[in-house]
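Chains Y, U and D, in that order, are what the protein sequence lines are.
Following the working numbering, the residues of the first sequence are numbered contiguously, the last one being 459.
Following the working numbering, the residues of the second sequence are numbered contiguously, the last one being 1480.
Following the working numbering, the residues of the third sequence are numbered contiguously, the last one being 201.
A portion of the hints provided could be inaccurate.
BS3-like mimics (lysine-lysine), calculated; alpha carbons at most 30 Å apart, straight line [as the list claims (entries may be wrong)]:
1. K1433(U) <-> K1364(U)
2. K377(Y) <-> K970(U)
3. K970(U) <-> K201(D)
4. K1477(U) <-> K377(Y)
5. K1161(U) <-> K49(D)
6. K377(Y) <-> K1365(U)
Hints were generated in silico from the structure; no laboratory data involved.
Here the structure is a predicted model, which means the values were calculated and not measured.
Read off the chains here:
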Amino acid sequence: MLTIHCPNCGITAEETEFHAGGEAHLKRFGPGSSDAEFESYLFMRDNPKGVHFERWRHNNGCGKWFHVARDTTTLEVFGSYSAQTTEPPQDILDVITDRHPDWTQGRNA
Amino acid sequence: MSTRLATGGRLLKKSQAVEFTFNGKTMRGYAGDTLASALLANDQMLVGRSFKYHRPRGIVAAGPEEPNALVNLGDEASFEPNQRVTTTELFEGLTATSQNHWPSLEFDVGAINKHLSRFLPAGFYYKMFMYPRSFWKHVYEPIIRQSAGLGKAPKTKDGDTYEHFYAFCDVLVIGGGVAGLEAALSAGRSGARVILIEQTAEWGGRTPVDGGIIDEADAQSFVDRAVAELSAMENVTLRTRTMGAGVYDHGYVLGYERVTDHQPGVAGPRHRLWRIRAGHIITATGAIERPLSFAGNDIPGVMLAAAMRDYVVNFGVSVGDRTVVVTNNDDAYLTAIALKHAGLDVPAILDARVLPQDSELMAQAKALGIRVLMGHAVSSVKGGKRVTGVVVCSQAGEGAVLEEIACDAVAMSGGWSPVVHLWSHCGGKLVWDEAHACFNPDPNNPPIGADGAGFVTAAGAASGMFQLDDVLNDAHAAADGVTRSLGFKTPKDAKAPKGARRDDAPMMPVWLMPQGASAKLREKAWLDYQNDVKVSDVRLAAQEGFVSVEHAKRYTTLGMATDQGKLSNINGLATLANAVNAPIPSVGTTTFRPPYHPISMAAIGGEARGAVFQPVRRTPLHDWHDANGAEWEPVGHWRRPYAYRRANETTHDAVMREVSNTREKMGLLDASTLGKIIVKGPDAGKFLDMMYTNMMSTLKPGKCRYGLMCSENGFLIDDGVVARIEEDTWLCHTTTGGAERIHGHMEEWLQTEWWDWNVYVANVTEQYAQVAVVGPNARKCLERLGGMDVSKETLGFMDWADGELGGFKVRVYRISFSGELSYEIAVDASHGRAFWDALLVAGHDLGVMPYGTESLHILRAEKGFIMIGDETDGTIIPQDLGLSWAISKKKDDYLGKRAQERSHMTDPNRWKLVGLETVDGSTLPDGAYAVGEGTNENGQRNVIGRVTSSYHSPNLGKGIAMGLVLNGPDRMGETLSFPGTDGKTYEARITDPVFYDKEGEKPNV
Amino acid sequence: MSEPVTALHNASYTSGIAEVFEVGPIGMITLRGDLNAKPLRKVAVAAAGVNVPDQRGILTEGARGMAWMSPDELLILCPYDEVHARLADLQSATAKLHALAVNMSDARAVFEIRGPHAREVLAKLAPVDLAPGRFAPGTIRRTRMAQVPAAFWMVDDVTFRIVCFRSVAQYMFDLLKIAAQPGSEVGAFK
């Protein structure tokens, strides 16, 4: 069971206080979008073995959403950051490349 | 025979005699005994029968690795099967019974299997019981169930309580032997927060038993000093009887504390599950001795050498008068020496090794007059329910008899394996230690924590250290490194105490005894005692192609019993490696999974049983309902009254009465569970236009509008009435199960997509008790309460207003889910019960009668109103339900709009909502399917629709239903066939879903 | 209007290792808005009678107080019979701000746990480090207790206040009784 840090209230707590919300930084496509765009937005998700940017909510806590950069195989956590952003901030990317120099950013991030 | 010696027993309190029973027979022991030592002291060598062949089995070990000695413990409310006698502390009045035998332990019918063992090898069940297929259910399984299985399932509810405890520390040390104590001391001195847990009741582990010398004194004095110093440290928590059960991600550990197992009847929880978060974990879990694989190594009286030493030294119990020691290493000599010192006979030590010169311990043994036979082995053990002798052979040969030695016990040692379970649980890798023929934790591949660094360090024997001095240094260094990495400073002058070194000769791996044992001997050489797996079985698995260790494990069931192969794993791997001619490390190990040793299910459940098994949500009116005949219906975690049953009334009668009364006079419904969410802000209208398919921004303050909510993939997820409170404030009602979900849904979109929109939401569901006052007399009742104007003119249909009624501060909504004149009235929850009571008084001669959820369902179904969860199932869009009128055509966007344009959603062949009326007036079975022409590719009848809601309507005097039907709205008047699961076929006509008051005049009065 | 009734009629349990009381009713107002904006802070202080607490802080003075609930949410505590007046004041004071003030007094149940083992009782139910020095008066912690969300703070070194939803008051009370059962002292906090 993971420990997760909520950047909104500053609490680091066990996973049972949180709820996972899937891949972060999706771009919404609404009416007027093509079938391909809409399909990609609604259904297609990265499933990387390695670095993953994901959404979490501190549901048994301050109730706020935030993002976590995490390794899906080793479960190491690179950092938490605001949900009010469309891409991972540089300091998070720096932590990742520092630990995994070979890593390259994927589709949605 | 096994018996209690006159002297010895370092853990016993001989002043405290304890009485207990085994299979009804009264026996005596002392405080400090385990059930195992007490049974042995009473000459109870035979303790159970094996799983498959029902062979007689005795105690083999002295700790959690024990494979054989499992018993039923206690009775009735304290009954528990499969308890290890070696980990059960003796207490006054303990009752134990043996398992897995019929009719008795001494005489067991199932033992006939052992004569058939040649015909019951590994994989036998898989091969034998395949055909004919029908035999499995009716012949094979019942017979196997009768004869297999370990203990009995408890019949009485568990009378004990259990709890969890959340603990946090910098360093968790698991294992309270000398390594664990030294690690905790070193960590504790650095100022780090330390928890040290030990699974047994005693500190010190093996070292005091084995006569280790620390700082030139006996180990016990080091242990006493260490415990005293640790107890005095503010930053250290010490816990005995607490096992490290599992290591999980990010430093999470489960500690299993057996609080009152050893003193039943004392107040408090029986087990406590420690849910520990540690910055770093040190596993000082020691090592476990391996058995040797020779024919008859499972006969009662054959025991691990170290266990025999434990019984003599710790408990003053001799397992036999004459013990033959068989070994491949020096450690077992300690047993021979200890037995000799206890005045017992050791006719011979059979040492498989051939060594150029005697080691320290060998010389000591010889000096005591023990006959040491080098290069010798056990060919077979003689005896049935008890060892009577050993047949001696050369280890190098095939088992040719050299001599027979009469004895009543055999002490065996095949070397030691570090307890690497906890290291491995979370991904720590192992390396093969050639010198000691065991797997050690690989310090270069530890389990990885949140920061990407290792979070477990093994220390002492658990990291492959076998010299006392190395153990202490290793533990000290481990703790030192760990605390330093956590930012603590260990005092410079702190050093590990000095452990005395022993000059041991190297051990020699022995995986089969003798090395060329014949097939006949191999068939009696047990690897896994509990699951009855022999050397021959593993060889057979390899021969049949199950050469992967995970496959061989499952084919033979090696290591799959409740001991998880603590004794058998390495021996089994080595046997497999030999069979496939591969080096042991390349065969690898099976996966170590938590828990290390079985823990109680109840401890895992903790407090969550009985009334608090899961939260039950109660409305402010719950107690009234409960006192007035409510039959409860769970809706989410809520409990809502299904109906209020009166004396001499069936539930159905009650529902019919409530429905009729509501239509004719007046009903009250506790609607407190409906979600209420306040949405406020300059962008609230825009936001609600996105949330709902309808236009909410155009709603006038003071007005209500029914709204539909869809998910982004178009499906209907919730519905409810929205009221505009002020220019910038709306109140959204949700379904009973929907409040938290919809509140979360709104917050999600506001926080993660439209974070620049100025909207705040608040879930105020539980602030209010909400009562629906429904029926022709509703207005009269409210007027009697007095206060605000509730007339049609002032408070029309779909209006709301704040005011006072009967002195209560209320908010009144003129909305109706029943098709009647209806007011939903919200009052602060703390006044909810008083308000309800006031309504009952005011409505007394107006025919007031509360109604439950089933009546609510019928009332809404008569009106053709959909219910989320009945008409919807997560695949239904509003367009399917004839709700296109509630979808705004003017809006560019709302959640689900784009999805509803997908080809599958616009398919004219989607099933659509219609009403259904049985031809004969009966009630359609809920969920029944309408069948069409022909069959599908699986040969099943094609289906063209299904029933989503079905009730008997007392107002219409017939069954009414709603359903989704292919091209339904275009087929009005057609009759469909619905085969029921009761064998009958129901004929129903397609109708309009509104059965009652089609013009909607009744609520609008 | 009737006398306000709490969910459990102020039930108590005093035969365990800590004393458990349902207290209240207590006035509670949720105030959402920009906590960094001076006008909102001014309004909040006026309503609560104490300063705006820092992140995860709670400040109390008698029956009044204020707790930091999230980056855009405060909880204002006041006597129950004042709550409608306070709320009306707040709503008029925030009329020109983007803010939301709602009465939550009746939506919640409040418990008090008293005694030297109070920390242990809570540590059996909440995944929170409750060791002395790690959790102290002045902090409010929103978390879960067993299977329901809850928030708690310390009134003094041996007293906690717990807030949960009203509908699960009975569940919370039952949980606390089990966690405080006689003989269940853990002895983990020195």
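Taking the hints in turn, this is what the structure says about them:
1. Using a Cα cut-off of 30 Å, the hinted pair K1433(U) and K1364(U) is violated, with the two alpha carbons roughly 38 Å apart.
2. Proposed proximity of K377(Y) and K970(U) is contradicted: the alpha carbons are some 59 Å apart, above 30 Å.
3. For the hint linking K970(U) to K201(D), the alpha-carbon distance of about 27 Å falls within 30 Å, and the restraint holds.
4. Taking the CA atoms of K1477(U) and K377(Y), the gap is about 48 Å. The hint is violated against a cut of 30 Å.
5. Distance check on the hinted pair: K1161(U) and K49(D) sit about 27 Å apart at the alpha-carbon level, within 30 Å; holds.
6. Between K377(Y) and K1365(U), the direct Cα distance comes to roughly 24 Å. Compliance with the 30 Å bound is thereby established for this hinted pair.
The earlier numbered hints that this structure contradicts are 1, 2, 4.
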